[in-house]
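Student: Following the hints, complete the assembly by docking chain B onto the known chain A.
2 protein chains.
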Amino acid sequence: MNNLKEAVEAAAERIGPNILETPVVEAPSLSSELGCEVLLKLENIQKTGSFKIRGALNKVLQLTEAEKAAGIVTASSGNHGAAVSKAAQIAGGKVDIYVPEGASPAKIANMERLGGTVHVFGSDSGKSELEAQRVAKETGGTYVSPYNDPQVIAGQGTIGLELSRQVPDMDAVIIAVGGGGLASGIAGYLKAVNPKIETIGAAPAASAAMIASIEAGEIVEIPHDHTLSDGTAGGIDDDAITFPLCRDNLDTLVRVDETAIEEAFRDLFRNEHMLVEGAAAVTLAALRREAPRLKGKKVVLVLCGANISPDVVKSLL
Amino acid sequence: MNNLKEAVEAAAERIGPNILETPVVEAPSLSSELGCEVLLKLENIQKTGSFKIRGALNKVLQLTEAEKAAGIVTASSGNHGAAVSKAAQIAGGKVDIYVPEGASPAKIANMERLGGTVHVFGSDSGKSELEAQRVAKETGGTYVSPYNDPQVIAGQGTIGLELSRQVPDMDAVIIAVGGGGLASGIAGYLKAVNPKIETIGAAPAASAAMIASIEAGEIVEIPHDHTLSDGTAGGIDDDAITFPLCRDNLDTLVRVDETAIEEAFRDLFRNEHMLVEGAAAVTLAALRREAPRLKGKKVVLVLCGANISPDVVKSLL
Chain A
1 MNNLKEAVEA
11 AAERIGPNIL
21 ETPVVEAPSL
31 SSELGCEVLL
41 KLENIQKTGS
51 FKIRGALNKV
61 LQLTEAEKAA
71 GIVTASSGNH
81 GAAVSKAAQI
91 AGGKVDIYVP
101 EGASPAKIAN
111 MERLGGTVHV
121 FGSDSGKSEL
131 EAQRVAKETG
141 GTYVSPYNDP
151 QVIAGQGTIG
161 LELSRQVPDM
171 DAVIIAVGGG
181 GLASGIAGYL
191 KAVNPKIETI
201 GAAPAASAAM
211 IASIEAGEIV
221 EIPHDHTLSD
231 GTAGGIDDDA
241 ITFPLCRDNL
251 DTLVRVDETA
261 IEEAFRDLFR
271 NEHMLVEGAA
281 AVTLAALRRE
291 APRLKGKKVV
301 LVLCGANISP
311 DVVKSLL
Chain B
1 MNNLKEAVEA
11 AAERIGPNIL
21 ETPVVEAPSL
31 SSELGCEVLL
41 KLENIQKTGS
51 FKIRGALNKV
61 LQLTEAEKAA
71 GIVTASSGNH
81 GAAVSKAAQI
91 AGGKVDIYVP
101 EGASPAKIAN
111 MERLGGTVHV
121 FGSDSGKSEL
131 EAQRVAKETG
141 GTYVSPYNDP
151 QVIAGQGTIG
161 LELSRQVPDM
171 DAVIIAVGGG
181 GLASGIAGYL
191 KAVNPKIETI
201 GAAPAASAAM
211 IASIEAGEIV
221 EIPHDHTLSD
231 GTAGGIDDDA
241 ITFPLCRDNL
251 DTLVRVDETA
261 IEEAFRDLFR
271 NEHMLVEGAA
281 AVTLAALRRE
291 APRLKGKKVV
301 LVLCGANISP
311 DVVKSLL
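Sequences listed follow chains A and B, in order. When you line the first sequence up against UniProt numbering, it's residues 1 to 317, in that order. When you line the second sequence up against UniProt numbering, it's residues 1 to 317, in that order.
In isolation and in its complexed conformation, chain A is listed as follows (with noise of 0.2 Å):
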């Protein structure tokens, strides 16, 4: 992607009409324990609950009328099947939805109440992944990666170019990483136009395979534990197109453990009322480690959704 800017800025012309251009609000809390100015770029308000649908919604808008009439598939047991079904509700088109075996009645009554068709298949996420890209490949239907996809990246990218714009002296960006299509669309973005900004890439300790990947030199598998942050949980494809725009735009990465994102998940929800899911409170925990060299600057944190069980919330309480 070597036009990943031209494709962001097109991509936010695409899907803004559609979005919510979340706002940027002040962590006082935060920001007076910490020593440093943290702000919250608010995509825990985000159609679906979560950013996805800005990825979802830049590739579904592009697919031909044919593409749409011969179905869109994706695999996904939370935010991108959500956000896949809401893009095609705007762009028309049928979306089947397979999701793994044990997958939470909620997520699925909420995908199907946004249009999405949902199949149950295999006992895990890989298994419903590979049966969903069989089944587009059958059918003649598109399959909608959740971050392996350069309109996807490009998608996400918008909040980089809306963050551009709501504090141009950010000094650094700090962004969770699963897969990789938020952290390579917002930090492929701001290299593009202010190199300057420092790039940080966190994940939870129990499952950091693009972390893994970057350290290694390429894209290796890794064990996954449990983590609060299901969001960035699991492996990456061995032809992740988003493993060169993270190792190339990622200037840190943070490995954090679930205590950590349990107290971040606290101190967010108690102090800058915010209800957010582990993938964001990943951001929170990360910033704990990194404060000390990062006193008197001005630190966006990406909160990146807020789909979390409401049984998760009262645990963590």
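The set of hints was computed from the structure by calculation and includes no laboratory data. Ideal Cβ positions, reconstructed from N, Cα and C, are used throughout, including at glycine. There could be a bad hint or two in this list.
Claimed, not checked - Distance condition first, Cα-Cα at most 25 Å in a straight line; then the derived BS3-like pairs of lysine-lysine:
(1) A/K127 - A/K94
(2) A/K107 - B/K314
(3) A/K314 - B/K107
(4) A/K314 - B/K314
As the list claims (entries may be wrong) - Facing chain A, according to a computed beta carbon distance under 10 Å, are these residues of chain B, among others:
(5) Q46
(6) K86
(7) N110
(8) R113
(9) N271
(10) P310
(11) D311
(12) V313
(13) K314
Tutor: Structure of chain B alone, referenced to chain A:
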């Protein structure tokens, strides 16, 4: 306040650079359940966690240097105290806040972090309020009422001004009513610019002083029971200027019971990923009652704040 519209427009100019123009977002799950188009005005992400900063800042920004030097005095155990402290942090001035015994240590710490000096006085909020007024009189300071002040009302009214731009075709707006500052400002402004908009004032049945007063045709004292909507609880001043404003500008008055408020809190949390305080949930509880006659209409719920204790959230989930 014959010139409420002008006062609101002036307030918007005055406070605009220092407050967040909060977004309006769709609530797809509620819309499909209730059969009307439900929109949420997100004052729950406003600075200090509630709309109160609008009125407090509009007031404090109009004090002279001499008035600010003489001191700002208020009484509050929650949002208003934090808002006045923040307003003085922005505009300059020293703030003394009187809180009743038993006030939440977390809320006191928050007011102190924002620069306020907190004094614990009296066994209930009525007593701490009288003490704050006495001190202001004795010291020549300025007492800032949470609602019984034209400049505070004009500040809250800026929400109405934003709504009239953000949702020009709204059919109805639902506002929680306690002392009536928020409802006076929003309903007063909207009725001045478009009398066709239905303005609905909602209060917990456990503490509905303004509704009881409007029904009685004069300000009356009523018994108050405990309510999740602590932000709207309590009596209103004998000389409240909000009384005629609410009486003349609210088309519909709705009392809701505690079970309905709790259920509304859970719905906003679970289905719309919104963390709100009890007073904000009151608006959804009221919509549930009014929805049958609002089918197909575009209805805005003002989510007035997010200051709720994690322990309360835990017990509600």
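Student: Against each hint, give a clear statement of whether it holds in the structure.
Tutor: Each hint, compared with the structure:
A hinted pair counts as satisfied when its Cα atoms are at most 25 Å apart, and A/K127 with A/K94 qualifies at roughly 22 Å. For the hint linking A/K107 to B/K314, the alpha-carbon distance of about 21 Å falls within 25 Å, and the restraint holds. A C-alpha spacing of about 21 Å is found between A/K314 and B/K107, which places the hinted pair at or below 25 Å, so the restraint holds. Of the supplied pair hints, the one linking A/K314 and B/K314 holds, its CA atoms being roughly 5 Å apart against a limit of 25 Å.
With a cut of 10 Å, the hint placing B/Q46 at the interface with chain A holds, because the nearest CB-to-CB distance is about 9 Å. With 10 Å as the threshold, the beta carbon of B/K86 comes within range of chain A, its nearest partner Cβ sitting at about 8 Å, so the hint holds. Checking B/N110 against chain A by beta carbon gives a least distance of about 8 Å; that is within 10 Å, so the hint holds. Evaluation of the B/R113 hint against chain A yields a held restraint, the C-beta minimum of about 6 Å falling below 10 Å.
Evaluation of the B/N271 hint against chain A yields a held restraint, the C-beta minimum of about 8 Å falling below 10 Å. Nearest Cβ of chain A to the Cβ of B/P310: about 5 Å, under the 10 Å cut. The hint holds. Given hint, B/D311 at the interface with chain A, holds; its Cβ is 7 Å from that chain's nearest Cβ, closer than 10 Å. Interface hint at B/V313: satisfied, since its Cβ lies 6 Å from the closest Cβ of chain A, which is below the 10 Å cut-off.
For B/K314, the interface hint holds, since its Cβ comes within 10 Å of a Cβ in chain A; the closest pair sits about 4 Å apart.
The structure agrees with every numbered hint stated previously.
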